[in-house]
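Chains as they are written, first to last, in this note's numbering: chain C, 1 to 278; chain D, 279 to 628.
Bear in mind the hints are in silico, worked out from the structure with no lab data behind them.
Estimated spans, in silico, between C-beta atoms of each pair:
#1 D:338 / C:268: 50 to 56 Å
#2 D:388 / C:188: 17 to 23 Å
#3 C:103 / D:444: 41 to 47 Å
#4 D:345 / C:188: 29 to 35 Å
#5 D:579 / C:170: 45 to 51 Å
#6 D:451 / C:10: 49 to 55 Å
Beta carbons: idealized from backbone N, C-alpha and C, even for Gly.
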Amino acid sequence: MPLSRLTAWLLLAPTLLLLVLVFLVPIGWFIGGSLAELGTLSEIWEEADAVLFSGAVGGAILNTNWIAALVTLLVLLIGYPMSYALSRAKGLVFTAILLCIVLPYFTSTIVRTYAWMVLLGRNGLINQILLGIGLINEPLQLMYNRTGVIIGMTYVLLPYMVLTLYAAMKAVDQRLLQAAEGMGASPATVFLKVFMPLTLHGVIAGVLITFILALGFFVTPALMGGPGDIMIAMLIEREVELTYNWPTAALMTIVLLTVTLILYAFYARISDQGEARR
Amino acid sequence: MSGGASVALEAVTKRYGTETVVAGVSLAIPAGEFFTLLGPSGSGKTTTLSMLAGFVIPDEGRVVMGGQDMTQVPPRGRGLGMVFQNYAIFPHLNVAENVAFPLTVKGAPKAEIQARVAEALAMVKLTGFEARYARQLSGGQQQRVALARAIVAHPRIVLMDEPLGALDKNLRFHMQVEIKEIQQRLGMTAIYVTHDQEEALTMSDRIAIMDGGRIAQMGPPREVYEKPDSRFVAAFLGEANLLDVTRDGALVRGPGGGAIEAGAGQGTTLFVRPEKVTVSAAAPSGGPNQLPGQVLHASFLGNVVRYAVDVGQGATVLADAVNGPGAVLHAPGAPVTLHWRAEDSRLLAA
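Next comes chain D alone, as it looks inside the complex (with noise of 0.2 Å):
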């Protein structure tokens, strides 16, 4: 058991020429948190995590690791595991000298080092390939002696850069669960960068979605898929309804003329996820957030139908629902009532 350090950013800023990348970025991140930095290319998670290694020094704010001003200390000083998008294994030296390079750069006893490769190899479970090459590796065993790599000196902080990116579905599931797993055994702080949500979903204690070189949201996963506070963070985390409402006094009218009640926010637009919305062959009955439609078309996915349906004025409607027991399937062409309840849904600013 090595457990976890606390990381801290404190408004940090990182300008490269006249293009700021990382705008005042805080965040706190509690010892043992696996912690997510999503976001897609260019919104300065990258950058952030750098910091974090300390490969770039922010022009401002500080970096703070176990209650320590960490700013200006070079990477080899902070102590940090690290698995690289890329995994960085070294051509020239097998799995096992891969694995003790962060031992041997410290001067390690040799009794201890070879310890420690074996226990951290056992734990990606790949004992045996020690005097493996990595030309001789498939990718997804490369990831695993990135990952010992990472944490063999039992560091109490791990950066993980898109470690998964090169993987393919059914082997990043795997390892999804495999790095969730040795992370909370040996009680690490993990950050880990992403740009695939359903991985930071899958994997976080809590998401910092970025965007434009700032922090949209941070919550844990549920928190900021069902509540998001803009349109970024909504579409950013899968499949959103996103519909133009208008202000009538206190009451909120969707498209044709409805009566809305959102769980929450104050904008005009109307955020509700497909799966939160049910279809029906029934009429309005008069209640708040039914709006009539007419499906345009219902992909079938097995256990899943998605119904886009036209609610009028040029809006369409995304709807899951679930093909369950005496489930019945609405043609394209069909009126329907879509209907979803006031706390799955928020008001969020154009």
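The shape of chain C in the complex, shown without the other chains (with noise of 0.2 Å):
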């Protein structure tokens, strides 16, 4: 049964509510009162231009991307297999996939993250059996640099990625693909010209989900990554909590919250599409 306009508005009240006060108005305050601090417009400006484009801030930012768009892609690569066993998984099996996808978020990202620590330090886990096994000589240096903030980042966001694919593919229906079959086409075809054709809306949606994920971490670099791999969101808190330069945090801010509402924007829009499409 449809709801009634207003019956909607009064169930999303409350969080709706929540949402402005703790925070649009903050943000807005917290914005607003920094670029206050600048002055006019055109100083605004100014800052905003020396801030972007200094050295710092823009390597920051290109990092953050490129980070954001290599996780991106790993997590894509990782969780397409994955979310397709599970979209084929029945009973127990299934159970048991997703259980192992969603228990870990039941923890928080940093012990998550300290997990991972456990596991890729220079005596860690890992470089124990590549040792033991006689792969290789000495440890490998799997943290406090790039490396390491890619795995840790890449296993935080995969789940994302894998109930998103999961959704597009379970709505898959599994008669077109005997068609196809049934009409000569060969496994590979079938999967070429049908399935990712007919998950293309979730694929695109995953990775928008994810990189927006993506450029707005902060945890799992600052723990895991080594000096050159400052993200914009680590570069703000620094503004905020260590220099007191609210300004210039306020700007970079801006920067990441416009990116990310542009990259929603797409995303709500092929949601929308996958939706309609059925």
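Mind docking these for me? Both chains are given alone in their own frames, and the hints should help you get the complex.
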């Protein structure tokens, strides 16, 4: 039964109120107040130009995008077959896979990141095993560098991709695949010409949501990264907490927020289309 | 002209767990025939079709097409045209791309694909719809796309799984005629699955009526309709009077004790179609196959009046009288005499 407009708004009201009070108002306050410190609009523009294209911030922005892109690609490559297996699994196997994906999310990101640090450390489990079977002669540097950031973020973001893709794959009418097979298509052709195109909107949605989340990552790069793996969220935190340079933090926040909102607009459009197609 | 190929099932059996879904079905379909698998849901007709398509591999028996053993050949190696129950039109492809699909996956040259798609769309009267998507088409148009896609590669055998099930009655009739016409024009062998007996009777050269994973009876429409071998077939193909009769030596007696002469059969259930029974106001003349009774109710259907006549001992006989020139209507309660010809009736096992 479709809800009337009024009922829908009433049901949404508490959440909307909460979001406005604890998110929209503070962030508006923070950005507005910080920028006001800088003076007139042209002064703000000058400062923005100076900050955003400075070496440190510009580098962090580039870093952030590069890491987010790389992580998104990895998450997609790992997540697609995983989602496919999940969409085909039944009963106990399905539950087992799903639990493996979802269960870690009942613990905090920090705890999971520390767990990875135990595995990836110089004397961590992975190095021990690789040394033990003689594949390497000295421990690999898997942490406090780009590798660590990528591994940690890929792990944390994988479920978002898997669950998004799973929804898209589950919605694919199995009869279409059978029909394609009946019309002479090989399994590879069925996959490329029917299954992939029918799950493409899920791929795009998954890529966008993963990328958006990766852009704002803070804990994982802070704990597992090296000095060269500064991401923009870390920089914002430093400006706010350490140097008390709120105007600069506000400018970077605007950049991050704008990019996120634009990508989110795409995401919303694509999920709508996926919905409409069925 | 692509012509057709013969199809045969040889003692084919399929089990799922402990349940036998198809039990030793054998049939031989000559090239170019329109053959229908008819039965209620769960009778095994869809599984039988799936084994012909190659989606299901039989546990026992052989599938032979054009003289070649196809039992283990996957669907893509069978070169069949298929129309699926829900059309299975690809939502991400337009009409032309959908119809072209069987040719595209074979890697046919572009020019040939274009020509064949145009030809197939012309055949189903969908020229001009090339760029549309399924969601922009009506049910009947989607059906035509599915049909065009099934014939585009000029297959020698086309399988159709309840292709008209989702259409309303008028459209169904229209499409029945069109499908039959196209099948005859191309000379393909068509294997058609339906649970609609009227559809089966209209379209088929031969019908196999399935029940419980077996073929209950197989033959041309008129034969299976007029000469059913079992109560099941008699009742499944339209209205049937099935009366309990008793054997008294060589004599068969109907309800009320009147003598019965049947065209064929041995059992103790008398079968006769309502339209073969005449209703008259005259008293019985003493001949065989005459049952006195009382009109229970008369349904006026326009061209036909359907009588339900109480013939005693709790038995009711249906009789359809054509509302022809000078037809007399018998009111409920009126005493009447029913009569039918021996050759229009059969004795079936109970």
